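Protein chains in written order, with our numbering: chain A, 1 to 185; chain B, 1001 to 1618; chain C, 2001 to 2296.
Warning: the hint list may mix true and false statements.
What the hints assert, rightly or not - Sample of chain A residues with no beta-carbon within 10 Å of chain C, all distances over it, derived:
#1 LYS8
#2 LYS11
#3 HIS23
#4 MET127
#5 PRO130
#6 ASP150
#7 GLN168
What the hints assert, rightly or not - In silico contact screen, one side only, chain C against chain B (beta carbon under 10 Å); selected entries:
#8 LEU2004
#9 LEU2008
#10 ALA2029
#11 HIS2032
#12 VAL2095
#13 ILE2123
#14 ALA2143
#15 GLY2215
#16 ARG2268
#17 ARG2274
#18 VAL2286
#19 LEU2288
Claimed, not checked - Straight line, CA to CA, 20 Å or less: simulated PhoX-like cross-link-like pairs of lysine-lysine:
#20 LYS8/A <-> LYS2053/C
#21 LYS2053/C <-> LYS115/A
#22 LYS2053/C <-> LYS1565/B
Since the hints were made in silico from the structure, they are not lab data.
Fair warning: this is a prediction, and the values are worked out from it, not measured in the lab.
All C-beta atoms, glycine included, are put in the ideal place defined by N, C-alpha and C.
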Amino acid sequence: MDRNQLTKWFKAPTKMAHKYSLHAVYFCTGCGVIEIPPTITARWDAERFGVIPAATPRHANLFLITGYVSVKTLRAVIRTYEQMPEPKFTVGFGSCPINGGMYWDSYNTINQLDKYIPIDGWIAGCMPRPEAIFVAVTHLWTLIDKDMADGYKRYRKHYAQYRANQEQVLGELEWPPLFQSEREG
Amino acid sequence: MSLELLMVVALGGSLLTYVLGRVSSRLRNGFAVLVSLALVAMVASLYGKALHVSYYEDFLGMSLVLRVSGLSWLFAMTASTLGCLSVVFSLSYMKGKERTSFYYSMLLLVNAAMLGVVLSGDLLSLFIFWEIMSWSTFLLISYNGGPALAAGMKYFVMSFVGSLAMLAGLLTVYGSFGTLEFGGVAAGMLSASPGYILAIFVLFGVAFGTKNAIWPFHAWLPPAHSEAPSPFSAILSGILIKMGVYGFLLIIFVLVGLRNFMALGADGLPLHTVLSIVGAITILFPTFMAIMQNDAKKLLAWSTVAQAGYIILGISFGTSLSVAGGVFHFVNHAVFKALLFMVVGTVEYRTKGVRDLDSLGGLIKKMPLTFAVALIGVCGLIGVPLTNGFVSKWLIYKTLILERSPFLALVALFGTWGTILYSYKFLHNIFLGQLPEKYKDLERAPMTMRLPMTVLSIVVVLFGVLPGIPLSVINSIDTSFGLKPLNVTLWGLASDTGALNTINILAAVFAGLLIVWLVLKSGGRKVSVDQADNYAAGAAIPKDKYQYSVGFYAPLTRMVAPYLKDFMDSFYMRLAGWVGGLGSGIRRIYTGYVGDYAMYIVLFLAALIFVQLTWSPW
Amino acid sequence: MRILWLVLSPLIALAVGLFFLGLSRRVMARIHWRYGPPLYQPLIEIFRYFTQKGSSHGVLFGLGIVLSLAGSIVVILFLPFGGICSMSGSGGMLVVLYMMLLAPLGIALSGGEAANPNASIGISRKLMLALGYELPFLLIVLAIMTHYDTISLVDIVSAQRETASAFASFPLVLSGIAYLLILPAMLGMRPFEVVHAPQEISSGPIAEYSGPYLGLVTIQHALTTFIGISLFVNLVWGGAGNPFVFFLKMLVVLAFGLFVNAAFPRLRVEQAVRYLWRWPTLIAFVGLILVVTLGR
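The following block holds chain A by itself, in its conformation from the complex (with noise of 0.2 Å):
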């Protein structure tokens, strides 16, 4: 942790402030649920980190996205994911939103997170225990400082391509394009 070093907050202070500032939207969508409250209490404390659960996308900077992903929950991490400002993080959290994981042939989850919406990183496992999202919030900071989490701006660059891949599994949606001009271009 290099939160104390006064130098590197001098020269590079809006990533530091990212990094130890990570305010993060839960998306629990089945399992992962229980691994979240000892996470943010007394158990392991994730708020010595910075890391606190927001309320609402839109004061959160850390998206993670527990358990597998319905179809009909996608909707909803595709609304939360492009109502938190920039710039933002993701995670997945277990394996099924990596693959599919035990879910990889049903009929009513998708198997590939990272094709709706970009991910910056993973967590493996099914499930992972609550000490790997402090190993993820870790490699998070490494990949900040080093300008490789840049999920956010991938998005803006290929989102006619992710638009396309949210059309195909959801249909038609019901809001408009998040970018106006990337999509028609």
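Assemble the complex: chain A is given as a structure, and chains B and C must be docked to it using the hints.
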């Protein structure tokens, strides 16, 4: 400028408007605006003059007098200005309605009658103009028919009782002093006994209190204000009911005299204390009633009752500070309440008659200017610093604290918090929140509506930032009442115990706004977000349903509603029921048979003969 | 000198307020048996908010929050801070009472413009709660103003410093106790946290704020905490002769609020208003009656 000419223009203009309406509606509209503008100019030219003319000599041995003083000038100016703005506002509001000539004619007649009331120099002229005002008001309140007729009837009956009391007072005064001119009455009052003064005060107080709708005579006001056409509601709430305030000022300071008034019941329960307690009740109870209303105009109507309480509270203390506060609050209330009624009128006009607070919302996106003026009006109503309501309420609070009446001060300050609740509900449910689908293509307000609202909102801010302008006028009224003049500066008050200085507040607020605005600008990029892109836990926003306005204060309402019974209103309604029952009981004797009537005559004669034979009185 | 303090006092208030926010998170964490974030965590977060992209919902959305924050800054100028009061002669306590309106009003306007019912619910709760605590608060303020016979805050403080603080003088001690009872409600701490209620109405009025707007709201929160506590210290604890002692007194009051905050669950708004209109009002009312009767 002679006063007779003014009255002739006012009354004749009203009549001519009706005649012209037969010829062409455009001509009539133009003429009505012209007359009201001319009245404003004529009244304005009277500033600082003290005229006294008798326009009718030898009526039952008295001459009828018109006169202008500082007090009547202020009221006349407010009345004519509001009348003019209201006529302009009516131009679009009344478009396409029926009986418009009648409407304009009556509007100008009310205006003329109000000028007459404040310019009369004797009690008889006052009474005559008072009656003209009451009658034409009744006709305008019941203009829309249906529930409006019932509301108008309620107003009329209560106003009639008030007028009767006034007539009784007038006759008593005439019987004892032989004159009705203010000067003569005041001279006679100097030597009158306290019991006599009290009786006169109560008789006139019932008349003025009914017009001013102070508790317990408030029952007519909420239905009347909400059912009248909106431009007239503006006049009704802004100035017409303040004729009661004028009456109170007249009787306390001109007729009875302050010293007599303060001495009434000084050994037991002083009358001015009773009046201030009535004022406090008038603040507290209607404020909570207003919080519970769902009709925009009814909410404003209850708020009018509550604000009238502040004015009465101010006047009843009879110090220079408190009278200045009361009179200034009258002016301010006239301005911002007329503004708010016009706002409701605009919304009503654009949404085709919707004023239900539960079914509107989000109109700020469609009517930004209307919202801005509504916000200014509401700020004045609450008394946010740098609006006019702040200064007048500050004067009243300061009086209450200096006079060591912390409980009255508590009611006044607490009433202000209630005011915040209902005025935010008013703003939120009409203008904020989600815009319903059906109002997606709403147009903004027409020019003739925006103009009067803008003028009024400028006045709200102007009097708040430069309270010295109106306060110097009010100071001269204070002086004419024989009170110590206040130390007024352009920016507020310089008094010995805690001064008020709006320029400091203004500078501080502006500096604060500037700094914060710069900080906000320096922050990251901002994008505009549509209401359809709001946070709803990832779900799509349900159209027309993502709005919290029904039962806005439901928990509070649940708590206080059981204690808030308008028992005066139910008392009046029961009284009306009894009188009605009595009437239908008496009606039974009219059976329609000639034989019965012949029997009544015979019985009556028999009774007379019996009386004569027994007691031989004749 | 006066100009200097005009500039400095909002900055001091901001620093103290932010320190209080950080401290209260830390103290709450320790009560929870956790480590908690560093003391400067609020600063990090505000910096992060200001570098994020904000989403605006209209002109009033930005204007309301600017108005609210400006109102708080002006209130700070009117409050004595241990012998320093930048604007003492411009209307006294009545102006402070009124200027304190601007902060909730601004937030209410801007939250209402956001067209989110969570915000509207939060605002309606805030206004009802405010009506609840204003009644005892006004009783307290009036008792103090009547007792010292002035509406000027500076005079109230100096009168308390000459004799004894309100807490230590007889009829006013009741007002002081009542003030203690309503203090958590005025600071928006639990059990009166129903306005924001993150789990229930998604932080209420601030549900739609993001980026710089959220930053301003956090600053506003810091200033509100500062105002609430310093008003308490000035009105019933006699203020202080120098800023340092004043700061220490504020710390004690904050600690009291935090312990209450940690120990209680959230009340519904009706329960809160019922509580506020019962015991604190009763005590404050008795206090005012005693002040009026004994004073004459």
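Which of the numbered hints above does this structure break?
-> 3, 8, 9, 10, 11, 18, 20, 21, 22
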